[in-house]
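Sequence lines, in order, name chains D and Y.
Here the first sequence is numbered in our numbering, starting from 1148 and rising by one per residue.
Here the second sequence is numbered in our numbering, starting from 845 and rising by one per residue.
Calculated directly from the structure, the hints in this document are not laboratory data.
Take the hints with a grain of salt, since some may be wrong.
[What the hints assert, rightly or not] Below, computed lysine to any residue pairings styled on SDA-like, alpha-carbon distance capped at 25 Å:
1. K884(Y) to L1163(D)
2. K898(Y) to L1165(D)
3. K993(Y) to M845(Y)
4. K1193(D) to H1025(Y)
5. K1037(Y) to G1019(Y)
6. K992(Y) to L1056(Y)
7. K898(Y) to V878(Y)
8. K992(Y) to A933(Y)
9. K1193(D) to Q862(Y)
10. K861(Y) to E1197(D)
11. K1193(D) to G882(Y)
12. K884(Y) to M1148(D)
13. K990(Y) to A1042(Y)
14. K857(Y) to K992(Y)
15. K1028(Y) to D869(Y)
16. K1193(D) to G860(Y)
17. K861(Y) to T1191(D)
18. K1058(Y) to W1033(Y)
19. K1031(Y) to T1075(Y)
20. K993(Y) to E890(Y)
21. K1193(D) to K1031(Y)
22. K990(Y) to T1181(D)
23. K1037(Y) to V1024(Y)
24. K1193(D) to V1024(Y)
25. K990(Y) to M1148(D)
26. K857(Y) to S1180(D)
27. K857(Y) to E1197(D)
28. K990(Y) to L1194(D)
29. K1257(Y) to A1183(Y)
30. K1058(Y) to A933(Y)
31. K1058(Y) to T1075(Y)
[Stated by the list, open to error] Pair ranges (Cβ atoms, derived):
32. N1046(Y) to V1158(D): 56 to 62 Å
33. W1164(D) to T1075(Y): 42 to 48 Å
34. K1150(D) to Q1230(Y): 55 to 61 Å
35. N1046(Y) to D1178(D): 49 to 55 Å
36. L1194(D) to Q950(Y): 51 to 57 Å
37. K1150(D) to T879(Y): 54 to 60 Å
The model shown is predicted, which means the values in this text are computed figures rather than measured ones.
Cβ coordinates follow ideal geometry from the N, Cα and C atoms, glycine included.
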Amino acid sequence: MMKKIKLIAIVFLSLLWLACDPGHETVDLGDPSTCEGCHTSETTLKLYAEASSSEPSGGG
Amino acid sequence: MVPLEPWEKVFIKLVGKQKSYADIDEAHSLVGCVTCHGGKEPADFELAHVGVVKDPSVDAESNCNPCHYEIVATNVNSMHSQLWGEQTAIAQRELGADKDHNNFSQCAVELTEGFSNECTSCHTTCGQCHISRPNSVAGGFIDSHKFKKTPDQTNNCMACHGSRIAIDFEGHLEGNNPDVHHTKYMKCWDCHKESMHADASNIPTRYHLPDLPKCVDCHLENELAPNDYHTEHWPKINELTGDNDGLSCFVCHSQPYNNCNSCHTKDPISLNEDWWQNGYAEAPGETDVHIGGGNYREYPDFKIGYNYNQELHDGKFIVVRHIPVVRDGYSPWGHDQLANYDVRPTWEYSSPHNIQRFTPQTDTTGGVSCGANCHLEVDNDLENIQRFLWQSDVDTDYPDESVTNIPVVVDDKLPDTWQKP
Chain D
1148 MMKKIKLIAI
1158 VFLSLLWLAC
1168 DPGHETVDLG
1178 DPSTCEGCHT
1188 SETTLKLYAE
1198 ASSSEPSGGG
Chain Y
845 MVPLEPWEKV
855 FIKLVGKQKS
865 YADIDEAHSL
875 VGCVTCHGGK
885 EPADFELAHV
895 GVVKDPSVDA
905 ESNCNPCHYE
915 IVATNVNSMH
925 SQLWGEQTAI
935 AQRELGADKD
945 HNNFSQCAVE
955 LTEGFSNECT
965 SCHTTCGQCH
975 ISRPNSVAGG
985 FIDSHKFKKT
995 PDQTNNCMAC
1005 HGSRIAIDFE
1015 GHLEGNNPDV
1025 HHTKYMKCWD
1035 CHKESMHADA
1045 SNIPTRYHLP
1055 DLPKCVDCHL
1065 ENELAPNDYH
1075 TEHWPKINEL
1085 TGDNDGLSCF
1095 VCHSQPYNNC
1105 NSCHTKDPIS
1115 LNEDWWQNGY
1125 AEAPGETDVH
1135 IGGGNYREYP
1145 DFKIGYNYNQ
1155 ELHDGKFIVV
1165 RHIPVVRDGY
1175 SPWGHDQLAN
1185 YDVRPTWEYS
1195 SPHNIQRFTP
1205 QTDTTGGVSC
1215 GANCHLEVDN
1225 DLENIQRFLW
1235 QSDVDTDYPD
1245 ESVTNIPVVV
1255 DDKLPDTWQK
1265 P
């Protein structure tokens, strides 16, 4: 009986986790005048990368 | 390792409920970007990047020290930061066998400057282990600029230790299997518990570091069952002579591993990036030469040599690797010849990270003794002879290295009754 309850609980919690998991949707802070705003924006970084032949700053 | 696009290298990826960098690394977010990197904020792109320092940990004493002072204090003199071992090797080959890294500054200026310009450009900063991929693979965040206490095995450790570790450990050489420790999901740090930040300024070589891994940390002589091969060959001290006896574990349990020839310096005049290949002289004995992860040529081989430095390594016989140094290897830096090139063998002790219980040496398929794979009795074939490093091998294929490898060749170290080439 306990095994069945455990199994049901695991399945339930897994479904709950999947339903609530935000996944890997990225968040773009959107203000390119700040370091963080630019470097968290894939779109902005790509635009600057296309416009500049040099390597971007940061990243060691 | 998957190459990164330029934008990816500096992309701080916020996912899910993360709303700022503070949700990735709260402690370091409090410091603020410009505090370490310089530049200006807020500002447009050009102004924001004026004076920006890509890797602030180049100056760890200013930028990391306020919080991590104990680590910074020792790491400034660590092996990874200073390449003491490389300095020792150059100092010995230039100044003499009794020298070490403390004498490096006495070497010719072409060597010290070349070393500063080229070697130290890779080795290494805090950030290149804990934030980004190292410079040697063109950088890029490991995980959205998160400071990772434990570096990433693939993107950090193996980014530098590629040709001689990663390829072996993951079994990429044709015909090899991955290291058994890799197949058991072990990571570098499961064995390497020595401090990567330790001050090594008074330590002549990396093999003098305390707490280096030893096979016997986990494996006992007869851990599974009595094993005659272990009983016979286990490395030990000979009670009569006081010398090392037996075999290094690697002699039986390593597979073929990469070897290199010419030194991998760049040509500073033409800045020829292909120098590693152009400057490479393929030797007649090499087979299966390929382009390695460092973009220079290497070839798999397996050689048993004599353990001439018994203070450092266990066993009378060890596995040796041909290392990429030649007498004029630093000529691209303007230094024509290493003045004391002959004092240090170019086949050096090796610990290949491709361990298997059963290797070509220990294969007992068909009920034969594994001695049949190594011992050179009368009826042994050419294959066994090729497992050893002989003076005639060196004389034939690397005549300029004949003298320097006298200590490591096995010619007069094996039983008299054994075959010789």
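Going through the hints against the structure:
1. Using a Cα cut-off of 25 Å, the hinted pair K884(Y) and L1163(D) is violated, with the two alpha carbons roughly 44 Å apart.
2. Of the supplied pair hints, the one linking K898(Y) and L1165(D) is violated, its CA atoms being roughly 38 Å apart against a limit of 25 Å.
3. The straight-line distance between the Cα atoms of K993(Y) and M845(Y) is roughly 20 Å, inside the 25 Å bound, and the hint therefore holds.
4. For the hint linking K1193(D) to H1025(Y), the alpha-carbon distance of about 40 Å lies beyond 25 Å, and the restraint is violated.
5. Taken as a hint, the K1037(Y) and G1019(Y) pair is broken in the structure, with Cα atoms around 30 Å apart against an allowance of 25 Å.
6. Of the supplied pair hints, the one linking K992(Y) and L1056(Y) holds, its CA atoms being roughly 23 Å apart against a limit of 25 Å.
7. With a CA separation close to 11 Å, the supplied pair K898(Y) and V878(Y) stays within the 25 Å bound.
8. For the proposed pair K992(Y) and A933(Y), the alpha carbon gap of about 32 Å is over 25 Å, so the pair is violated.
9. Taking the CA atoms of K1193(D) and Q862(Y), the gap is near 21 Å; set against the 25 Å cutoff, the hint holds.
10. Restraint check: the Cα-Cα separation between K861(Y) and E1197(D) comes to about 29 Å, which exceeds 25 Å; the hinted pair is violated.
11. For the suggested pair K1193(D) and G882(Y), the alpha carbons sit about 22 Å apart, so the restraint of at most 25 Å is met.
12. A threshold of 25 Å between alpha carbons decides the hint, and for K884(Y) with M1148(D) the separation of about 64 Å lies outside it, so the pair is violated.
13. As the CA atoms of K990(Y) and A1042(Y) are separated by approximately 23 Å, the hinted pair is consistent with the 25 Å bound.
14. For the suggested pair K857(Y) and K992(Y), the alpha carbons sit about 15 Å apart, so the restraint of at most 25 Å is met.
15. The straight-line distance between the Cα atoms of K1028(Y) and D869(Y) is roughly 31 Å, outside the 25 Å bound, and the hint therefore fails.
16. With a C-alpha separation of about 21 Å, the suggested pairing of K1193(D) with G860(Y) holds against the 25 Å cut-off.
17. Restraint check for K861(Y) and T1191(D): satisfied, since their Cα atoms lie roughly 21 Å apart, inside the 25 Å limit.
18. A C-alpha spacing of about 13 Å is found between K1058(Y) and W1033(Y), which places the hinted pair at or below 25 Å, so the restraint holds.
19. Using a Cα cut-off of 25 Å, the hinted pair K1031(Y) and T1075(Y) is violated, with the two alpha carbons roughly 29 Å apart.
20. Distance hint between K993(Y) and E890(Y) is unfulfilled; the C-alpha atoms sit about 33 Å from each other, more than 25 Å.
21. For the given pair, K1193(D) sits about 34 Å from K1031(Y) by alpha-carbon distance, which is inconsistent with the 25 Å threshold.
22. With a C-alpha separation of about 18 Å, the suggested pairing of K990(Y) with T1181(D) holds against the 25 Å cut-off.
23. For the proposed pair K1037(Y) and V1024(Y), the alpha carbon gap of about 19 Å is at most 25 Å, so the pair holds.
24. Restraint check for K1193(D) and V1024(Y): not satisfied, since their Cα atoms lie roughly 42 Å apart, outside the 25 Å limit.
25. Between the alpha carbons of K990(Y) and M1148(D) the distance comes to roughly 45 Å, so the proposed pair goes past 25 Å and is violated.
26. Using a Cα cut-off of 25 Å, the hinted pair K857(Y) and S1180(D) holds, with the two alpha carbons roughly 17 Å apart.
27. Restraint check: the Cα-Cα separation between K857(Y) and E1197(D) comes to about 19 Å, which is no more than 25 Å; the hinted pair holds.
28. The suggested pairing of K990(Y) with L1194(D) holds, with an alpha-carbon distance near 24 Å, which does not exceed 25 Å.
29. Taking the CA atoms of K1257(Y) and A1183(Y), the gap is about 29 Å. The hint is violated against a cut of 25 Å.
30. A hinted pair counts as satisfied when its Cα atoms are at most 25 Å apart, and K1058(Y) with A933(Y) qualifies at roughly 24 Å.
31. The hinted pair formed by K1058(Y) and T1075(Y) meets the criterion: a straight-line CA distance of about 18 Å does not exceed 25 Å.
32. Taking the beta carbon of each, N1046(Y) and V1158(D) are about 60 Å apart, inside 56 to 62 Å as hinted.
33. For the pair W1164(D) and T1075(Y), the supplied restraint of 42 to 48 Å is violated, since their beta-carbon distance comes to about 54 Å.
34. For K1150(D) and Q1230(Y), the hinted distance range of 55 to 61 Å is satisfied, since their beta carbons lie about 60 Å from each other.
35. For N1046(Y) and D1178(D), the hinted distance range of 49 to 55 Å is satisfied, since their beta carbons lie about 51 Å from each other.
36. In this structure the supplied range 51 to 57 Å holds for L1194(D) paired with Q950(Y), their Cβ-Cβ distance being about 52 Å.
37. Checked against the hint of 54 to 60 Å, the C-beta distance between K1150(D) and T879(Y) comes to roughly 55 Å, which is consistent with it.
Violated hints, listed in ascending order, are 1, 2, 4, 5, 8, 10, 12, 15, 19, 20, 21, 24, 25, 29 and 33; each of the other numbered hints is respected by the structure.
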